[in-house]
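Single-letter residue listing:
There are 2 protein chains.
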Amino acid sequence: MPFPFYLQILGSGSAIPRNNKNHTSQLLVYNNKYFLIDCGEGTQHQLQKFKINFQRIDQIFISHLHGDHYLGLAGLISTMNLLGRVKPLQIYGPPGIKEVIDLHFSIAKARSAFEIQFISTQDKEKKLICEVKDVNVYSFPLKHKIPTTGFLFEAGSNWRKMIPEKLEKYEVPKHLRAGIAAGKDYTRENGEVIPNEELTLPPPEKRRYAFCSDTAYFESLSEKIGCSLNLMYHEATFIEEDKKSAKEKYHTTAAQAAKQALNTGAEKLLIGHLSNKYPNEELSLKEAREVFKETYIAEEGEKYEI
Amino acid sequence: MPFPFYLQILGSGSAIPRNNKNHTSQLLVYNNKYFLIDCGEGTQHQLQKFKINFQRIDQIFISHLHGDHYLGLAGLISTMNLLGRVKPLQIYGPPGIKEVIDLHFSIAKARSAFEIQFISTQDKEKKLICEVKDVNVYSFPLKHKIPTTGFLFEAGSNWRKMIPEKLEKYEVPKHLRAGIAAGKDYTRENGEVIPNEELTLPPPEKRRYAFCSDTAYFESLSEKIGCSLNLMYHEATFIEEDKKSAKEKYHTTAAQAAKQALNTGAEKLLIGHLSNKYPNEELSLKEAREVFKETYIAEEGEKYEI
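Quick note, the sequences are listed as chains A and B, same order. Those letters in the first sequence? Residues 1 to 306, by the numbering used here. Those letters in the second sequence? Residues 1 to 306, by the numbering used here.
Careful: at least some of the hints might be erroneous.
You can't tell identical chains apart in this list, so a pair holds if it fits in one copy or across any two.
In silico DSS-like cross-links for lysine-lysine, where the CA-CA straight-line distance does not exceed 25 Å [as the list claims (entries may be wrong)]:
| id | residue 1 | residue 2 |
| --- | --- | --- |
| 1 | 143 | 51 |
| 2 | 51 | 21 |
| 3 | 206 | 244 |
| 4 | 249 | 87 |
| 5 | 184 | 206 |
| 6 | 126 | 21 |
| 7 | 87 | 109 |
| 8 | 109 | 98 |
| 9 | 124 | 161 |
| 10 | 51 | 293 |
| 11 | 145 | 249 |
| 12 | 126 | 109 |
| 13 | 247 | 109 |
| 14 | 293 | 124 |
| 15 | 109 | 143 |
| 16 | 49 | 21 |
| 17 | 169 | 87 |
| 18 | 49 | 166 |
| 19 | 243 | 109 |
| 20 | 127 | 268 |
| 21 | 166 | 87 |
Honestly, the hints are just simulated from the structure, not real lab data.
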């Protein structure tokens with residue numbers, strides 16, 4: 001039975017907030033580990049609204065330094081602090097994010113009671129930036145007005161699945177079984193080596209989610225991500241009618257987002273960050289579904305299994 | 001008929017946000033001039049929720065640099081910018097506020113299309129900081145952990161009320177009447193001087209609102225404000241039972257806030273910034289009303305005539 005692995009949308013609006021839409025933020029949960037992705041203004045209110053215990057968040061990933069993707073961070077950290085947090089928090093993002101948080105504390109003549117570790121991302125190539133239990137997080141480059149990365153979350157056990165009959169047949173002692181699950185061969189008392197493949201099956205396939213924040217369309221995205229996905233989020237600020245605007249403003253159309261899902265071999269696509277200029281979201285959804293059927297609007301509060 | 005003069009509460013919660021409470025922010029309106037007082041995280045969402053055209057705000061006043069009083073400022077300015085604002089914006093507050101906004105733009109490699117003027121406040125003494133049409137704004141010192149000021153808004157016409165019968169009697173020509181309303185004497189053709197007091201009545205009394213942000217109780221507040229008030233807002237984070245906490249944390253109890261209203265000769269008191277630790281607001285309200293009957297809880301969205 002695999003661990004629960006899901007994405008909960010906290011904010012899915014574009015830069016100009018609307019009444020019913022918040023700025024970008026997402027919570028990713030795997031096996032009770034909480035990861036926050038982007039943290040627009042109001043994220044702490046959304047976390048409270050959805051009754052999420054945000055002290056469980058130990059890693060925050062910021063895609064880029066436009067206000068609608070990070071302006072909730074200082075407030076969230078302040079509240080964590082006021083509520084007595086002591087365990088460290090890791091923040092992954094462009095280098096400027098440290099300056100923002102440092103200035104926030106320095107002008108308040110305050111300091112954080114817990115350690116904040118800043119890990120700078122770069123937007124040149126795909127990179128493994130974080131390994132937590134059974135989750136690997138990679139950043140990958142996007143193409144926006146300022147340095148911007150997406151994040152790929154790959155989750156699942158690395159332990160090989162043992163074959164009980166084989167363990168019995170070769171009389172593998174209990175104390176060696178963890179090593180076998182980790183991939184070791186077994187050497188019997190008579191010196192005979194039983195290769196691991198004889199005793200185990202490969203671990204279940206990892207499940208993968210990619211967050212593609214603000215970006216222009218570019219051909220090599222699937223190559224940058226470098227693997228197939230169970231779920232992809234991609235911004236879709238514009239529709240094809242405004243393709244020119246999308247290009248100029250380094251954003252994507254709904255059809256282009258769908259094309260990226262297709263190219264990447266995603267099972268399912270969520271689109272968000274839709275411009276306020278469109279009267280409703282159906283236009284974007286329809287356009288995307290013509291290219292990639294399994295497209296859905298990222299709905300705030302909703303949980304999406306991965 | 002005096003111009004409409006009212007306060008609308010946008011956020012009245014304390015530092016740890018609750019589901020139904022936002023961080024401090026208030027809109028003051030006099031004769032279609034909009035003033036924003038404090039700008040906690042989520043203020044732009046509240047402005048939208050209450051359908052307030054926030055491009056009409058030309059002056060923003062920040063009491064101090066704790067996150068729950070200013071963290072919405074960068075986002076609001078960004079949105080004003082995205083929506084095409086060109087007219088200047090004045091921000092009054094502690095010097096650090098300029099650094100915050102400058103850093104926000106510099107890490108986004110962006111600039112504001114409109115001019116932002118920063119006017120530093122100080123917390124040493126009462127000071128006239130802004131004169132707009134018929135509104136004078138003063139800052140006055142409060143006592144908090146970091147430099148903090150309150151703001152006093154004094155609104156009303158400076159024009160004296162002309163007495164029609166007297167203007168007729170002395171045959172004051174039309175083109176001189178603006179001067180008379182402004183307080184000038186009238187010199188007749190024969191050299192006779194008619195003193196202004198003979199021709200006019202004093203302007204209607206100014207109406208006054210004072211915003212007392214986070215502060216400990218201190219005796220000399222009414223003296224610092226230096227005038228009577230039609231409306232006072234005062235924080236009331238604690239109740240008397242927690243008077244010691246209030247003192248330690250440089251906050252006020254509901255009874256103390258009421259005492260300040262009494263001392264200042266206010267007609268009406270609004271209290272807010274109530275701690276989350278109390279199950280409901282009735283405790284605070286009851287305590288304050290025992291000292292000052294005309295006390296009300298500052299309710300988000302509500303408008304209070306001044």
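Here is what the structure says about each hint:
1. Within a single copy, residue 143 and residue 51 get their C-alpha atoms no closer than 34 Å, and across copies no closer than 35 Å, so neither meets the 25 Å cut-off.
2. Taking the shortest alpha-carbon separations for residue 51 and residue 21, both the intra-copy value of 18 Å and the inter-copy value of 15 Å come in at or below 25 Å.
3. Taking the closest pair of Cα atoms, residue 206 and residue 244 never come within 25 Å of each other, the shortest separation being 38 Å inside a single copy and 55 Å across copies.
4. For the identical chains of this complex, residue 249 and residue 87 are inter-copy neighbours only, at 24 Å across copies versus 40 Å inside a copy, given an alpha-carbon limit of 25 Å.
5. In this homomeric assembly, residue 184 and residue 206 come within 25 Å of each other (Cα to Cα) only inside a single copy, at 20 Å, whereas the closest approach across copies is 85 Å.
6. Taking the closest pair of Cα atoms, residue 126 and residue 21 never come within 25 Å of each other, the shortest separation being 31 Å inside a single copy and 41 Å across copies.
7. In this assembly of identical chains, the alpha carbons of residue 87 and residue 109 lie at most 25 Å apart only when taken from the same copy (21 Å versus 33 Å across copies).
8. Taking CA atoms no more than 25 Å apart as the test, residue 109 paired with residue 98 passes in both settings, with 16 Å inside one copy and 16 Å between copies.
9. In this assembly of identical chains, residue 124 and residue 161 lie within 25 Å of each other by CA distance neither inside one copy nor across copies; the values are 37 Å within and 71 Å between.
10. In the homo-oligomer, the alpha carbons of residue 51 and residue 293 never lie at most 25 Å apart, since the shortest distance is 32 Å inside one protomer and 37 Å across protomers.
11. Only within a single protomer do residue 145 and residue 249 lie at most 25 Å apart by alpha-carbon distance; the minimum there is 8 Å, versus 43 Å between protomers.
12. Only between protomers do residue 126 and residue 109 lie at most 25 Å apart by alpha-carbon distance; the minimum there is 23 Å, versus 38 Å within a single protomer.
13. In this assembly of identical chains, the alpha carbons of residue 247 and residue 109 lie at most 25 Å apart only when taken from different copies (19 Å versus 43 Å within one copy).
14. Taking CA atoms no more than 25 Å apart as the test, residue 293 paired with residue 124 passes in neither setting, with 31 Å inside one copy and 65 Å between copies.
15. For a Cα distance limit of 25 Å, the shortest separation of residue 109 from residue 143 across copies, 15 Å, qualifies, whereas the shortest one inside one copy, 37 Å, does not.
16. Within a single copy, residue 49 and residue 21 get their C-alpha atoms as close as 13 Å, and across copies as close as 11 Å, so both meet the 25 Å cut-off.
17. For the homomeric pair residue 169 and residue 87, neither the shortest alpha-carbon distance inside one copy (46 Å) nor that between copies (82 Å) is at most 25 Å.
18. Proximity of residue 49 and residue 166 under a CA criterion of 25 Å is satisfied in neither setting, with 51 Å inside one chain copy and 65 Å between copies.
19. Taking identical chains as interchangeable, the C-alpha atoms of residue 243 and residue 109 lie at most 25 Å apart only when they sit on different chains, with a minimum of 24 Å there against 47 Å within one chain.
20. In this homomeric assembly, residue 127 and residue 268 come within 25 Å of each other (Cα to Cα) only inside a single copy, at 24 Å, whereas the closest approach across copies is 60 Å.
21. For the identical chains of this complex, residue 166 and residue 87 are neighbours neither inside a copy (43 Å) nor across copies (78 Å), given an alpha-carbon limit of 25 Å.
Violation of the numbered hints given earlier is confined to hints 1, 3, 6, 9, 10, 14, 17, 18, 21; the remaining hints are satisfied by the structure.
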